[in-house]
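> All chains should be built: construct the whole structure from the sequences, respecting the hints.
Protein chains: 2
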Amino acid sequence: MIRDISGFSNPLVKRLRSLREKKHRKREGLFLAEGLRILIEARDVSVLPDILVISDDARPHPLAEELIEETLAAGGDVIRTGVEILSKITAKDNPQAVVGVYRDCPTALSAVDRHSAPIWFVAQAMRDPGNLGTLMRIGDAVGAGGVILIDDCVDPFSVETVRASMGALFTQAIVPTDWTKFLGWLREGQGQLVGTSLNASVDYQEPHYTAPTFLLIGNEARGLPPEYEEACDVRVKIPMLGRADSLNASVAAAVMAYEVVNQSKARGSQGE
Amino acid sequence: MIRDISGFSNPLVKRLRSLREKKHRKREGLFLAEGLRILIEARDVSVLPDILVISDDARPHPLAEELIEETLAAGGDVIRTGVEILSKITAKDNPQAVVGVYRDCPTALSAVDRHSAPIWFVAQAMRDPGNLGTLMRIGDAVGAGGVILIDDCVDPFSVETVRASMGALFTQAIVPTDWTKFLGWLREGQGQLVGTSLNASVDYQEPHYTAPTFLLIGNEARGLPPEYEEACDVRVKIPMLGRADSLNASVAAAVMAYEVVNQSKARGSQGE
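In order, the protein sequence lines correspond to chains E and H. Note that the working numbering has the first sequence beginning at 5, numbered continuously upward. Note that the working numbering has the second sequence beginning at 5, numbered continuously upward.
Think of the hints as simulated: they come from the structure by calculation, not from any bench. Among the hints, erroneous ones may be present.
If chains are identical, the list can't say which one is meant, so a pair holds when it fits in one copy or spans any two.
[Claimed, not checked] Straight-line distance between alpha carbons at most 25 Å, and here's what the computed DMTMM-like set of lysine to aspartate or glutamate pairs gives: (1) K269 x D249; (2) K26 x E88; (3) K96 x D156; (4) K30 x D159; (5) K26 x D97; (6) K96 x E224; (7) K241 x D48; (8) K269 x E210; (9) K18 x E164; (10) K30 x D182; (11) K96 x D159; (12) K269 x D207; (13) K96 x E25; (14) K96 x E164.
Encoded structure:
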């Protein structure tokens, strides 16, 4: 059903706006994604919003028309509203013309098929939503299966994370768990746990990475706790040639992940 | 001289706060850096603030004591003030206890010694301060010489850029110029211009990169303009194995830069 909403005090407007806060997202099991590009990414992997909010201002983009049609066909609601109310929902002066409300979709660790992808990211106490979203985007680029979240990570369904993921959130399994459960699960099957460490003496290009590779990314400020480093099958360092002693967490994850991809490609071309 | 300031309406407080805006930074030729870690990075490459602002709240950190001493010895001012005024200057509820005011330090293209480093970044219309700061941090990690800024890039001296650089701003030459001047300068000497492109058919690991390598990073949303791509000596693509068609700009820069570093290391170990 398409509904037009014009009142600021409309309960739905308040409810949508409340989804900017974690506690409301958790209670409702819903989250917001903003912008046509991200919503189309979701649609392209067959994820449609429960509620599609769309500006009544402009002539809708042909892709927005498609979204409206498909959301309605799937039983979702479409809300048409003014730019002021979109501003209120998105807390932005220049809001995106399209906002989607999605059912959150965490994956239980027990439901993860580790052999479904050659690489998995394991984020430990990642605090920056930009980093976590970027990690998802890298995961999509390298063909990873998803991001396993341990310790106190930022909410993977926050607006900022979803935005930084550029829609990759919808392509990656999001697996919130804890260290003990993760390690127990990991050791029940195949899987190489790889950590980067300032204390490691092995260059990241030296080891032979074997699928599935689990790349453990430590907290932005503190890195990995020592006992986590010790649990790794492989500890490596990315060379630092200047004064810096570390890279941004998601940047380091990308450098590591492309090394794994490149090794696998090189072995493939050697007929291994 | 150490001065204590307690009044919100103190002209210096207003002036420091105004440095959060580009026009005031430009007019004064000054910028802000926040936090002990970044100020110590600057000190370690012999850059001291003109003005050091420090919280009168807590017992200063031993490194902050060193900063106070060295700033005074170099003829700078030290301001002691309360957390409320630090909040006002930094526009944060929980301000860093140490803020430095630095003379901005752009490098003229004509003053760049291209042979002083094997890698240079060339950022084209980079709009996100987090990306630009991260690029500086990557530059430091890979031993790059600096970041050449062309077209309409975000201010390299904004508080957000400085923060994301984690102090690498002070280790990298910052070279604002434009495309025509850059290209003219580049072609007067040695230098391989390398661009990543979705249209390229060559994998980024295939070419032989030669120093000095200039890595051209396109705008976050639009990538490189076609004529910029055409001017590159080498056009490569980073493989995308999922649905994503691109990586975050600074992440792509890191993947490229480590390939250049790794090739150089491999050639070094072969005695080339």
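> Out of the numbered hints, which ones does the structure contradict?
none
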